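Chains as they are written, first to last, in the working numbering: chain H, 1 to 148; chain A, 149 to 787; chain F, 788 to 1106; chain R, 1107 to 1264.
Hints in this document: simulated from the structure, not taken from any laboratory. One should not assume that every hint holds.
Said to hold, decoys possible - With a straight-line cut-off of 30 Å between C-alpha atoms, the simulated BS3-like cross-links for lysine-lysine are:
#1 F:LYS819 x H:LYS4
#2 H:LYS3 x F:LYS819
#3 R:LYS1214 x R:LYS1201
#4 H:LYS4 x H:LYS113
#5 F:LYS823 x F:LYS1079
#6 H:LYS142 x H:LYS47
#7 A:LYS721 x H:LYS12
#8 R:LYS1201 x H:LYS137
#9 F:LYS819 x H:LYS47
#10 H:LYS47 x A:LYS721
#11 H:LYS99 x H:LYS110
#12 A:LYS721 x H:LYS137
#13 H:LYS110 x A:LYS721
#14 H:LYS124 x F:LYS819
Claimed, not checked - A few chain F residues that don't get close to chain R, going by computed Cβ distances all over 12 Å:
#15 TYR796
#16 ASN880
#17 ILE971
#18 ILE1050
Quantities reported herein were computed from a predicted structural model and do not represent experimental measurements. Each residue gets a CB set at the ideal place from its N, CA and C atoms; glycine is no exception.
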Amino acid sequence: MFKKLIDDCTVKSPWIYHINSGSCNGCDIELVAVLTPRYDAERFGFKLVGTPRHADIIVVSGPVTSQSRDRLIRTIEQVPDPKVVVSLGSCPRSCNVFKGSYSVEGPLDKFVKVDVSVAGCAPKPEAVIDGLALAAKILEEKRRNMAK
Amino acid sequence: MIQHFPVLAIMTLFLASFLVVLFGSRNKIVRGTITMVAATVPLVLMICLIKPVMIDGQVISYWLGNWEPVNGWAIGIGLEVDALSLFFALIVTLTIFLSAFYSLKYMSRDDTLEKYYVLFLMLSGAVLGLVLTGDLFNLFIMIEILTFAAVALTAFRNNEDGPLEAAFKYLVVGSIGSSLTLTGVILLYSQLHTLNMAQISAMLQNGQNSTTVFAFVLLLTGFSIKAFIVPVHPVAADAYTAAPTSASMALAGMVNKTGVYGIIRLLYIIFMTMGLSSVQNLIVTIGTVTMFLGVTMALNQHDFKRLLAFHSISQIGYVITAIGLGTALGLSGGLYHAMNHTLFKGMLFLCAGAVLYSAGTTNLDRLGGLAKKMPQTCIIFLIGAFSISGIPPFNGFVSKWLIYQATYERASQTGNFGFALVTVIAVVVSVMTLASFIKVTQSVFFGELPAEFNNVKEAPVSMRIPMWIMAILCIVTGVLPSQVYQYLIRPAVNAVLSPVKYINVMMGNGYAEQFLSKAQAAPDKSVALAGYWQPESWLLLFIIVLAAFTVAALLGKKDRGVQSSSAEVTDGKYATFYSGEKNEFSRVGGSDLFWGLKYNLRHYFGFIGNIHSGVVNDYALWAVMIFAVYTVFAFIFLL
Amino acid sequence: MQILWFLFYILIFPGFLFTMFAGLLLAGIDRKVLAKMQRRIGPPITQPFYDFVKLMGKETIVPDAASRTAFLTAPVIGLVSLIVTAVVIPIGNFLAFRGIADVIVIIYLLTIPAVAIIIGGASSGSPFSGIGISREMVAIVSYELPLILVLLTVCKKAGIMLTGGMTFSLSDIVVYQFYNGTMISHWAMIPAAIAFLMIIPGEVGTQPFDIAEAETEICEGTMAEYSGAPLAVFELSHAVKMFVMTALFTALFLSGWTTGSIILDTIIVLAICILVTIISMTLPHASAARLKVEWLFRYYWRIVSGLALVSLILVWCGL
Amino acid sequence: MKVAIANLFSRTDCERYPFNPKTAPAHYRGRLVFHPEGCIGCGICERVCSPQAISTTVVHEEDGDRITRVFHMGSCTFCQTCVDFCPRHTIEMSKDYDMVVTNEDDLKVMGTYFKAAKKPAPKAVEAAKPEEAAVKIETAADSAPKETPEAESAPKAE
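Here chain H stands alone, though its shape is the one from the complex (with noise of 0.2 Å):
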């Protein structure tokens, strides 16, 4: 009976959690450079969650480095159901300049698969809002075939 009212409402306040494996924090500051008020993603219902358990949408960046390999497949299996795997920047699409290092362990969806991937070395904040626009959907479509 609810069932349209919730898959309505998933799209309309999705959760984000970060997730940074060995990022050189350029990806990083640009996330979060989506919260300010110049770009404000908070209009479309975005926010920063502190745990995986809260999360819908998981954003991964970095090259996935041998330290936080595990830590990472972890805290995502952690995050519940219909959850969003998006990749920011270049590192966890192909660990650009890192690619061959002997403490990365290789692009992210060597372990995890990669719904969206944002690409960009520090993608534009414009960039990031349609990624996360896009991860959003997909979310209620995972909700909605979870559902049935």
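Use these hints to put chains A, F and R onto chain H, whose structure you have.
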């Protein structure tokens, strides 16, 4: 026929304690049956007495050996049971029954059990005797038996060093208290040539000279030491921690109530000095300081039972503050809280015993996560914790609410700002009680389960039955305060506030009128409640809204996200979130909680920390100091 | 017929649905005004409603270390006791259920949700929630002292003419304000009103005082292990607590007038509640950062209690 | 506190991005644009690209090689080194910042050209049709190599 019930109850207990030695020393079953029979008989007798004494307001007087008073002089020993003593007798017999029931299983691991049961039955007989007696010297004898039985019980586990040292301290301070009471009784006897309480209170009305005032001070100090008020409270803390739990439950439940009973009897009926505002201020300040000190000491304890011990001291502080007010509302609040205290404190000590029995230790820092292994004990503990910290539907709240009203009403009537501060301190103390019990909940029952306690089993059934009985009683007295008030508390308050009736019944009618020259302003027994609290209707609303909520939840069940938890311990999804780390053992122990509070009050905690030095002569010094304070106070104000 | 009214009162008007709606509305307005204060647009006012419904749709994970029953029942008990408290607070001078709870009882009724959060946090078994519990408990201890001082002042002020010299019953307080003007108009009560305004964010746990659920330091503190429906219930009880505290403020300090019809009364009270929320919760949220735990304790026990004590002494000597 | 109240009544300086689009500033280094016809296949860009985002695939046909140069936007740091080093200035950076994709191939900018073998057999060359690359330049039919590639520049296939 009901005349004989009080003596019957006391005698069964003393008789049984001798029988246990004769027959019970070898096999367990005889010992168990004798104890249980001896524990149930007084309870049944007291319940039969409720009808005549409480409802019909009849006061039973019984002369041992039928030594009736001869032309106005009481020679024999008289037992007098009015509503107040029956109220305390009910509490005492209930505790005896439950503690005996609990100790059958709990003490099964110790040896030489017949010594334990002898001491326990002596203790309970003495407490019951003290509560029912109408004779001052008989009161003193019961205090003597009581003290020595309690000291021996504290030292029961003499293979460890803790109990021995605690028992020694208890012995020293206890004997100081008893000797002071004895001198008081002697002085009174020298002045009034009688030992019967009713006659003493009648004869004291026409003029008090300095000896009777000094006797009053001696008796007051003796009873205060028995009730473990502020300066002498560390003794109680050590004694309750060291005693075996079923005994410490009896100590915390009954023994400090005898001190409170003594103070009420002394102030309201024998000396009738409660009307003087100076005595009220003294008693209220003592109560408040006890309340505050007890809780703050409990906040940074590392041992479960020691924390409970300090809490029972602070709750006694509550009761004494309420009684010290002198108004009918204050008295009813105090008595109600005394009954509640016995219920939830007994239950919490039984929980501590259950934890000790199955997990083997009560050290807060090593325990953890027992809720999964001992679910029933956890539920009972939560009921106890909620009632002691005064959460509304439970019983602790009703009595604390009455006490707040009493103190604040007293403050606004007399315009004395001090009583308003007492109300504020009382509320803050109640919140700190909640804080310390949350600390215990987190460190004992929730949080991470350390590996060594993996094979901990639930406490055995025969230990859980008394706990469940107390839990149900806690909820009942919390939810039906008006009925409890009407049948138990109001008759007791009326009995306390009408000494004339007490005297007439004992000494024959018209006796009191000869002596009561000046018109004794009978304290008004009216109780005007400033606010209102109907727990039944609150509970009704709670259930309706809860039902509405569950209906709404069930309606949307199929659309909501599925609820998932895994049976076997899988790494990952169902592991606790350690920000990604493997599940290494990082737990929040009991002692590192409330950093903000302890940091701010660190000077205060440091100061009271080293007051409790644990050196015997310090405690003896404190006892004599409180006696000096009382004397100076009495001679300034009372003469 | 009486039963129908009774059910209507408890389930619809001042009870179940109204408090939820009012709470969510207040939370939405609070976030919107906060955004405006930071010169950004901020989420739509119905955002808390979307959050609540979205969380309902999420999967609920019960971690292994958690003790299952306590973990799942704690939020429900917290929310239900909060709603029952809301029923007891008079709106305008309309009181749905007379004679259930007075002022002191309301303080203790407000501790039930806090204890529910604590038991929930404790039962989830994670060290983050362990730290969250200790901070929540310190917060409770710290705001209880000024709260009792303020309420004693109000009781004393409202009960001066009555026999006992003081009254604990809320309806008497409202009647008193009906005759001698709202409590704020007496200048001796101004410090008490300010102190109560400072207590509201502490009790509700909004930004400068939300040390117990600090996202940054201890990952949502007591809520660390909650997801899905229990978390939604906790968010809802957070919002309803906002409404309850502001309604209590209006009942204690700003009531006494009535416009005849109940509906008009409720609208005006809601408007006052919104105003009070903005002053007491959004303004500190926009201008102050999160306090450390012992600063919170010191702040409440010194500054706010001092204010409350000043007005208690003033009222005590008959002003 | 004062600033907060002042802001309450001032205009929000927040860009309503999705509703009115925003173009990147002037010299913004966005997505790469590759003109394959100008490329002489020297491979300098491949060597000089630090994240090795550029790769070449060579398809030998009977009369020459079809060389496709792939710029993987997913692993490019947009440092513009390749643009500076390219002797023929065939690579330039557009102002398109919106590189949000769900599958990885959309991020590949490709350009193909044909290098005839020694015997000059002109062959009609149809452009290798990569799947819908975001921006793709159709190579002109007679992309006869303007100049014979220098000796060492035979592009080594990855």
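Evaluation of the provided hints:
1. F:LYS819 x H:LYS4: Distance ~26 Å between LYS819 of chain F and LYS4 of chain H Cα, so the pair holds.
2. H:LYS3 x F:LYS819: 28 Å, holds
3. R:LYS1214 x R:LYS1201: 16 Å, holds
4. H:LYS4 x H:LYS113: Roughly 27 Å between the alpha carbons, so the hint for LYS4 of chain H and LYS113 of chain H holds.
5. F:LYS823 x F:LYS1079: 26 Å, holds
6. H:LYS142 x H:LYS47: 20 Å, holds
7. A:LYS721 x H:LYS12: 26 Å, holds
8. R:LYS1201 x H:LYS137: 26 Å, holds
9. F:LYS819 x H:LYS47: It holds: about 14 Å lies between the C-alpha atoms, which stays within 30 Å.
10. H:LYS47 x A:LYS721: With a Cα-Cα distance of about 23 Å, the restraint between LYS47 of chain H and LYS721 of chain A holds, given a limit of 30 Å.
11. H:LYS99 x H:LYS110: 14 Å, holds
12. A:LYS721 x H:LYS137: The hint holds at about 24 Å.
13. H:LYS110 x A:LYS721: Roughly 19 Å separates the two Cα atoms, so the pair holds.
14. H:LYS124 x F:LYS819: OK: LYS124 of chain H and LYS819 of chain F at ~26 Å, within 30 Å.
15. TYR796: Per Cβ check, TYR796 of chain F is outside 12 Å of chain R; nearest 37 Å; holds.
16. ASN880: Nearest chain R Cβ is 33 Å from ASN880 of chain F, so the label holds.
17. ILE971: 21 Å, holds
18. ILE1050: Non-interface label stands for ILE1050 of chain F: nearest chain R Cβ at 30 Å, farther than 12 Å.
The structure shown violates none of the earlier numbered hints.
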